[in-house]
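S.K.: Listed below, chain by chain, are the residues.
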Amino acid sequence: MKKSLQEIALYLGGSVAGDGEILIGGLATLDDAGEGQLTFLANPKYAAKVATTRASAVLLPQGANAHGHNAIFHANPYLAFAKLLTLFYTAPAAPLGVMPGAFVAEGVRMGADVSVYPGVSIGSGAVLGDRVTLHPGVVIYPGAVLGDDVTLYSNVSIRERCRIGNRVIIHDGTVIGSDGFGYAPDGKSWYKIPQIGIVVVEDDVEIGSNSVVDRAALEVTRIGRGTKIDNLVQIAHNCVIGEDCMIVSQVGISGSTQLGSHVIMGGQVGVAGHIKIGDNVMVAAKSGVAASLAANQTVGGIPAIPHREWLKTSMTIPKLPEFRKTVSSLEKRVAELEKLVQSLGK
Amino acid sequence: MKKSLQEIALYLGGSVAGDGEILIGGLATLDDAGEGQLTFLANPKYAAKVATTRASAVLLPQGANAHGHNAIFHANPYLAFAKLLTLFYTAPAAPLGVMPGAFVAEGVRMGADVSVYPGVSIGSGAVLGDRVTLHPGVVIYPGAVLGDDVTLYSNVSIRERCRIGNRVIIHDGTVIGSDGFGYAPDGKSWYKIPQIGIVVVEDDVEIGSNSVVDRAALEVTRIGRGTKIDNLVQIAHNCVIGEDCMIVSQVGISGSTQLGSHVIMGGQVGVAGHIKIGDNVMVAAKSGVAASLAANQTVGGIPAIPHREWLKTSMTIPKLPEFRKTVSSLEKRVAELEKLVQSLGK
Amino acid sequence: MKKSLQEIALYLGGSVAGDGEILIGGLATLDDAGEGQLTFLANPKYAAKVATTRASAVLLPQGANAHGHNAIFHANPYLAFAKLLTLFYTAPAAPLGVMPGAFVAEGVRMGADVSVYPGVSIGSGAVLGDRVTLHPGVVIYPGAVLGDDVTLYSNVSIRERCRIGNRVIIHDGTVIGSDGFGYAPDGKSWYKIPQIGIVVVEDDVEIGSNSVVDRAALEVTRIGRGTKIDNLVQIAHNCVIGEDCMIVSQVGISGSTQLGSHVIMGGQVGVAGHIKIGDNVMVAAKSGVAASLAANQTVGGIPAIPHREWLKTSMTIPKLPEFRKTVSSLEKRVAELEKLVQSLGK
Numbered sequence: 036m037k038k039s040l041q042e043i044a045l046y047l048g049g050s051v052a053g054d055g056e057i058l059i060g061g062l063a064t065l066d067d068a069g070e071g072q073l074t075f076l077a078n079p080k081y082a083a084k085v086a087t088t089r090a091s092a093v094l095l096p097q098g099a100n101a102h103g104h105n106a107i108f109h110a111n112p113y114l115a116f117a118k119l120l121t122l123f124y125t126a127p128a129a130p131l132g133v134m135p136g137a138f139v140a141e142g143v144r145m146g147a148d149v150s151v152y153p154g155v156s157i158g159s160g161a162v163l164g165d166r167v168t169l170h171p172g173v174v175i176y177p178g179a180v181l182g183d184d185v186t187l188y189s190n191v192s193i194r195e196r197c198r199i200g201n202r203v204i205i206h207d208g209t210v211i212g213s214d215g216f217g218y219a220p221d222g223k224s225w226y227k228i229p230q231i232g233i234v235v236v237e238d239d240v241e242i243g244s245n246s247v248v249d250r251a252a253l254e255v256t257r258i259g260r261g262t263k264i265d266n267l268v269q270i271a272h273n274c275v276i277g278e279d280c281m282i283v284s285q286v287g288i289s290g291s292t293q294l295g296s297h298v299i300m301g302g303q304v305g306v307a308g309h310i311k312i313g314d315n316v317m318v319a320a321k322s323g324v325a326a327s328l329a330a331n332q333t334v335g336g337i338p339a340i341p342h343r344e345w346l347k348t349s350m351t352i353p354k355l356p357e358f359r360k361t362v363s364s365l366e367k368r369v370a371e372l373e374k375l376v377q378s379l380g381k
Numbered sequence: 036m037k038k039s040l041q042e043i044a045l046y047l048g049g050s051v052a053g054d055g056e057i058l059i060g061g062l063a064t065l066d067d068a069g070e071g072q073l074t075f076l077a078n079p080k081y082a083a084k085v086a087t088t089r090a091s092a093v094l095l096p097q098g099a100n101a102h103g104h105n106a107i108f109h110a111n112p113y114l115a116f117a118k119l120l121t122l123f124y125t126a127p128a129a130p131l132g133v134m135p136g137a138f139v140a141e142g143v144r145m146g147a148d149v150s151v152y153p154g155v156s157i158g159s160g161a162v163l164g165d166r167v168t169l170h171p172g173v174v175i176y177p178g179a180v181l182g183d184d185v186t187l188y189s190n191v192s193i194r195e196r197c198r199i200g201n202r203v204i205i206h207d208g209t210v211i212g213s214d215g216f217g218y219a220p221d222g223k224s225w226y227k228i229p230q231i232g233i234v235v236v237e238d239d240v241e242i243g244s245n246s247v248v249d250r251a252a253l254e255v256t257r258i259g260r261g262t263k264i265d266n267l268v269q270i271a272h273n274c275v276i277g278e279d280c281m282i283v284s285q286v287g288i289s290g291s292t293q294l295g296s297h298v299i300m301g302g303q304v305g306v307a308g309h310i311k312i313g314d315n316v317m318v319a320a321k322s323g324v325a326a327s328l329a330a331n332q333t334v335g336g337i338p339a340i341p342h343r344e345w346l347k348t349s350m351t352i353p354k355l356p357e358f359r360k361t362v363s364s365l366e367k368r369v370a371e372l373e374k375l376v377q378s379l380g381k
Numbered sequence: 036m037k038k039s040l041q042e043i044a045l046y047l048g049g050s051v052a053g054d055g056e057i058l059i060g061g062l063a064t065l066d067d068a069g070e071g072q073l074t075f076l077a078n079p080k081y082a083a084k085v086a087t088t089r090a091s092a093v094l095l096p097q098g099a100n101a102h103g104h105n106a107i108f109h110a111n112p113y114l115a116f117a118k119l120l121t122l123f124y125t126a127p128a129a130p131l132g133v134m135p136g137a138f139v140a141e142g143v144r145m146g147a148d149v150s151v152y153p154g155v156s157i158g159s160g161a162v163l164g165d166r167v168t169l170h171p172g173v174v175i176y177p178g179a180v181l182g183d184d185v186t187l188y189s190n191v192s193i194r195e196r197c198r199i200g201n202r203v204i205i206h207d208g209t210v211i212g213s214d215g216f217g218y219a220p221d222g223k224s225w226y227k228i229p230q231i232g233i234v235v236v237e238d239d240v241e242i243g244s245n246s247v248v249d250r251a252a253l254e255v256t257r258i259g260r261g262t263k264i265d266n267l268v269q270i271a272h273n274c275v276i277g278e279d280c281m282i283v284s285q286v287g288i289s290g291s292t293q294l295g296s297h298v299i300m301g302g303q304v305g306v307a308g309h310i311k312i313g314d315n316v317m318v319a320a321k322s323g324v325a326a327s328l329a330a331n332q333t334v335g336g337i338p339a340i341p342h343r344e345w346l347k348t349s350m351t352i353p354k355l356p357e358f359r360k361t362v363s364s365l366e367k368r369v370a371e372l373e374k375l376v377q378s379l380g381k
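Chains as they are written, first to last, in my numbering: chain A, 36 to 381; chain B, 36 to 381; chain C, 36 to 381.
Accuracy of the hints is not assured; some may be wrong.
The list makes no distinction among identical chains, and a pair is therefore deemed to hold if it is satisfied within one copy or across any two copies.
Claimed, not checked - Listed below are the simulated SDA-like cross-link pairs for lysine to any residue, each with C-alpha atoms no more than 25 Å apart in a straight line:
| id | residue 1 | residue 2 |
| --- | --- | --- |
| 1 | Lys80 | His309 |
| 2 | Lys227 | Tyr46 |
| 3 | Lys381 | Thr351 |
| 4 | Lys381 | Ser50 |
| 5 | Lys223 | Leu122 |
| 6 | Lys37 | Pro229 |
| 7 | Lys374 | Leu114 |
| 8 | Lys38 | Glu366 |
| 9 | Lys367 | Val275 |
| 10 | Lys37 | Thr348 |
| 11 | Lys374 | Phe123 |
| 12 | Lys381 | Glu56 |
| 13 | Lys354 | Pro79 |
| 14 | Lys38 | Pro96 |
| 15 | Lys227 | Glu373 |
| 16 | Lys354 | Ala326 |
| 17 | Lys374 | Pro79 |
| 18 | Lys223 | Asp184 |
| 19 | Lys311 | Thr87 |
| 20 | Lys80 | Lys227 |
| 21 | Lys347 | Ser159 |
| 22 | Lys360 | Thr348 |
| 23 | Lys360 | Met350 |
| 24 | Lys227 | Thr121 |
| 25 | Lys311 | Ala326 |
| 26 | Lys347 | Tyr113 |
| 27 | Lys223 | Gly53 |
| 28 | Lys367 | Ile204 |
| 29 | Lys223 | Ala330 |
Note that these hints are calculated values from the structure, not bench results.
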């Protein structure tokens with residue numbers, strides 16, 4: 036596919052500087068782009084690279100220096116470049132139907148234009164919407180329901196009766212709806228509490244590879260519309276995650292915890308069970324959240340405290356040994372002073 | 036299935052208050068239960084909800100206020116409710132045999148009443164007990180041995196010669212017996228140490244989704260009877276985990292470490308290699324255990340210390356910056372005093 | 036297989052003490068070895084066990100006490116024992132070809148002597164080298180390229196166009212090349228940035244189970260030659276990992292970070308994005324690396340600092356509450372002194 040710079044600017048809602056007639060056939064980074072390619076500057080840190088790029092055109096923030104290149108100026112070049120990547124590189128594949136080697140139980144309902152690869156298993160009573168793509172090794176347990184335009188990559192499992200919304204993408208190996216970790220002590224061992232609830236994954240959610248969302252004990256574990264979850268994340272049973280959250284790799288959220296909307300959690304964060312995290316809360320990577328958090332704040336540390344305090348605290352921690360010496364020497368000096376003052380007072 | 040309140044009380048060993056003849060057809064939470072359903076109160080925090088529940092009956096601790104509801108009083112309503120969930124919702128499925136699309140190598144021995152779904156692979160010389168259920172995509176490598184009543188969910192892998200006990204449940208994507216992480220430096224690179232040992236998972240163990248238990252270098256990595264392991268947990272080679280332990284999500288236990296029985300580890304705990312953790316030790320979430328721990332204690336922090344000390348310490352950490360100012364001001368005041376006292380002494 | 040002690044010594048480049056003619060048929064630990072088996076001492080901590088082992092021969096460091104056993108002395112008994120394990124226990128299996136129940140799309144090129152198990156899916160345009168083994172449930176997406184002597188265990192996924200070098204081993208459930216976690220905020224929700232780059236895994240890399248290496252946004256996520264990665268590790272998009280690194284279980288490395296060669300990371304380490312870690316850096320388990328690190332140092336803590344300082348600091352942290360009392364009492368004593376000195380000065 037080739038498009039003129041002018042066409043691209045129109046598509047993005049940006050303005051052209053230089054030759055709008057040149058044809059663009061692909062996209063690349065400032066370092067790698069060459070003849071016929073368009074590149075972009077989003078991070079001002081790399082502005083100097085614009086001068087030396089060999090790209091045919093550059094997508095720039097308003098008012099940036101084009102260094103003589105053909106350019107499109109745009110209010111949000113990062114988002115605009117993402118939209119161009121979609122335009123140039125993500126043509127929808129033709130539907131393949133149910134391919135030989137896929138196993139479909141009785142009583143499965145399927146929409147139009149699905150692609151079901153070899154090695155997929157679909158259990159009885161499952162429902163697939165239109166344009167669903169199931170890569171090899173996907174397992175849809177009985178009674179699970181998938182909306183339209185769902186893409187499940189290889190070896191994803193959707194357990195019994197779980198519900199997946201429209202336009203959901205789940206990457207390889209992720210498990211939706213395995214049993215929550217619930218046991219009652221019977222005085223000697225652990226008695227398994229049957230997990231009879233489900234998981235609901237709402238529209239436009241994307242989940243990375245090898246993550247796990249457990250089914251609720253009795254009701255619903257919910258992932259809200261538009262939320263993005265990275266690889267190797269654990270969402271325990273009965274959690275309710277709000278809309279448009281961003282949960283980075285290796286985060287673990289304990290059972291029955293509720294997140295508001297637009298919550299952002301850095302990598303390896305751990306969150307205790309049965310607490311509430313308000314809207315727009317941001318949690319720094321590797322933090323441990325032990326108690327509920329009101330909306331609109333940034334926190335960090337184990338246990339998590341307001342992020343500014345955590346930054347100050349974490350810079351102080353390494354000074355502790357030196358600091359300890361200071362206090363130790365202060366103790367001696369004060370004891371000495373006390374003696375002196377006592378003798379003076381006599 | 037419907038049962039009278041009186042029948043249920045008899046089954047559980049509890050006592051009825053109100054109408055023992057009413058029929059119960061299902062279970063739900065205090066908030067969600069309605070006509071014909073039984074609910075329960077386990078956590079006194081929610082006692083007020085008993086007054087307003089629309090359930091037909093409530094399972095209550097001895098002496099609790101039934102607020103005029105039909106009720107069963109029981110010494111352990113949490114455990115009792117779990118037993119009712121099992122009774123009402125976990126009827127054993129009829130065995131399906133080896134279904135078309137399952138791959139069974141030569142020399143596999145199988146017990147009675149197995150269910151082997153499409154897409155399962157069973158390697159030569161493997162042994163399956165009675166009533167084993169293997170969901171789609173399960174891979175049993177050559178020589179692996181499974182006991183009776185084992186359920187392996189989709190895409191679980193049991194590597195070569197590993198042994199799985201009776202009534203073991205393993206959720207989707209978990210790997211038992213991949214190679215331990217062992218290399219010998221050869222002066223330049225890493226020489227792989229073949230991992231020729233196995234994993235033994237004893238009776239009544241349950242393991243969550245996408246966890247990994249590595250095979251021993253030479254001998255046995257062992258998961259003791261009744262132990263419950265959550266999702267995304269790492270158990271390294273040569274570990275020996277005792278009985279009835281509870282290991283929460285994203286815990287990592289390094290090689291050759293031994294856990295006693297009834298050890299409980301919160302989420303994201305890390306444990307060093309080659310150490311011993313005594314019986315009944317509890318480790319708070321996100322802690323790092325760097326050294327052996329005697330039995331019967333609760334620890335927390337990185338590195339882990341007795342939990343009470345850790346609580347005090349962790350509350351002190353955020354005061355460090357303020358604390359530092361105090362010490363700095365003390366230093367000035369002491370220096371000032373020293374000058375004054377010196378001049379007074381003259 | 037049986038070999039004389041003398042033959043084994045020749046193979047390893049070591050020297051025999053005692054009877055070189057005895058035949059060795061297997062290897063075991065000091066505790067477990069018996070008649071006809073050879074054992075080894077690598078860790079001097081276990082030297083006393085040499086006296087009591089029932090092995091027919093012992094592999095020992097130069098100058099160690101053989102306690103009357105037949106022995107081979109070797110400069111590096113740990114490495115030598117690993118080589119014997121390879122010799123005795125890792126005979127290459129006869130190639131099985133493409134077995135029934137494997138799905139191979141059109142236009143796939145395969146080398147000689149491959150073993151492709153049932154339930155494997157290979158997409159169009161993929162390339163397999165010689166002696167490649169794909170265990171059940173492996174998914175090779177279209178256009179992926181595998182070198183010679185590659186072994187992929189069950190349910191490994193190699194996503195579109197990714198490239199795997201020679202002699203690479205990847206354990207069960209690991210995903211290479213799923214989409215990087217990249218979104219552009221569009222003012223309300225998150226707009227997915229198509230991830231059009233690939234992953235390159237160089238020669239002699241080994242990766243454990245259920246790990247994830249994400250494909251680059253535009254270019255290449257690279258795992259350098261000889262690097263070993265454990266289970267449940269996250270390598271985010273655009274990372275470049277050097278050669279012969281060792282990355283222990285549950286480590287997470289954020290996007291666009293670069294590691295030099297021979298970097299060693301302990302379990303559960305987290306590394307921030309867009310930073311550089313120099314050659315030979317070692318990071319203690321559970322640390323958080325927030326900023327770039329120069330080569331040839333050992334660090335620890337959250338955030339990571341030089342390891343010696345971290346050890347001192349981490350030992351001081353638990354003293355904080357006591358320490359706080361000391362400072363509080365110092366404040367009182369200094370205030371008292373100030374009053375006294377003031378009154379003396381009058």
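S.K.: State whether the alpha carbon distance between Lys38 and Pro96 is at most 25 Å within one copy, between copies, both, or neither.
M.R.: Within. Shortest intra-copy distance 21 Å satisfies the 25 Å Cα cut-off; inter-copy 70 Å does not.
S.K.: Could you figure out if Lys347 and Ser159 sit no more than 25 Å apart (CA to CA) within one copy, between two copies, both or neither?
M.R.: Cα proximity of Lys347 and Ser159: none, with 57 Å in one copy and 55 Å across.
S.K.: Tell me, please, which holds for Lys37 and Pro229 at an alpha-carbon limit of 25 Å: within, between, both or neither?
M.R.: between (57 Å within a copy, 18 Å between copies)
S.K.: At most 25 Å between CA atoms: does that hold for Lys381 and Ser50 within a copy, between copies, both, or neither?
M.R.: Close neither inside one copy (88 Å) nor across copies (80 Å); limit 25 Å.
S.K.: If the cutoff is 25 Å on CA atoms, where do Lys374 and Pro79 land: within, between, both or neither? Let me know, please.
M.R.: Neither. Shortest intra-copy (62 Å) and inter-copy (54 Å) distances fail the 25 Å Cα cut-off.
S.K.: If the cut is 25 Å between Cα atoms, do Lys374 and Leu114 qualify within a copy, between copies, both or neither?
M.R.: neither (71 Å within a copy, 64 Å between copies)
S.K.: Should Lys223 paired with Ala330 be assigned to within, between, both, or neither, using CA atoms and 25 Å as the limit?
M.R.: Intra 42 Å, inter 17 Å, cutoff 25 Å: inter-copy only.
S.K.: Given a CA cutoff of 25 Å, do Lys80 and Lys227 count as a within-copy pair, a between-copy pair, both, or neither?
M.R.: Only across copies: Lys80 and Lys227 sit 23 Å apart there, 54 Å inside one copy, limit 25 Å.
S.K.: What label fits Lys227 with Thr121 when the C-alpha limit is 25 Å: within, between, both, or neither?
M.R.: between (46 Å within a copy, 9 Å between copies)
S.K.: Checking Lys37 and Thr348: alpha-carbon separation at most 25 Å within a copy, between copies, both or neither?
M.R.: neither (54 Å within a copy, 59 Å between copies)
S.K.: Can you give me the call for Lys38 and Glu366, within, between, both or neither, at a CA distance of at most 25 Å?
M.R.: Result: close neither inside a copy nor across copies, 76 Å intra and 70 Å inter.
S.K.: Can you give me the call for Lys381 and Glu56, within, between, both or neither, at a CA distance of at most 25 Å?
M.R.: neither (98 Å within a copy, 91 Å between copies)
Of the numbered hints given earlier, the model fails hints 3, 4, 7, 8, 9, 10, 11, 12, 13, 15, 17, 21, 26, 27, 28; all others are met.
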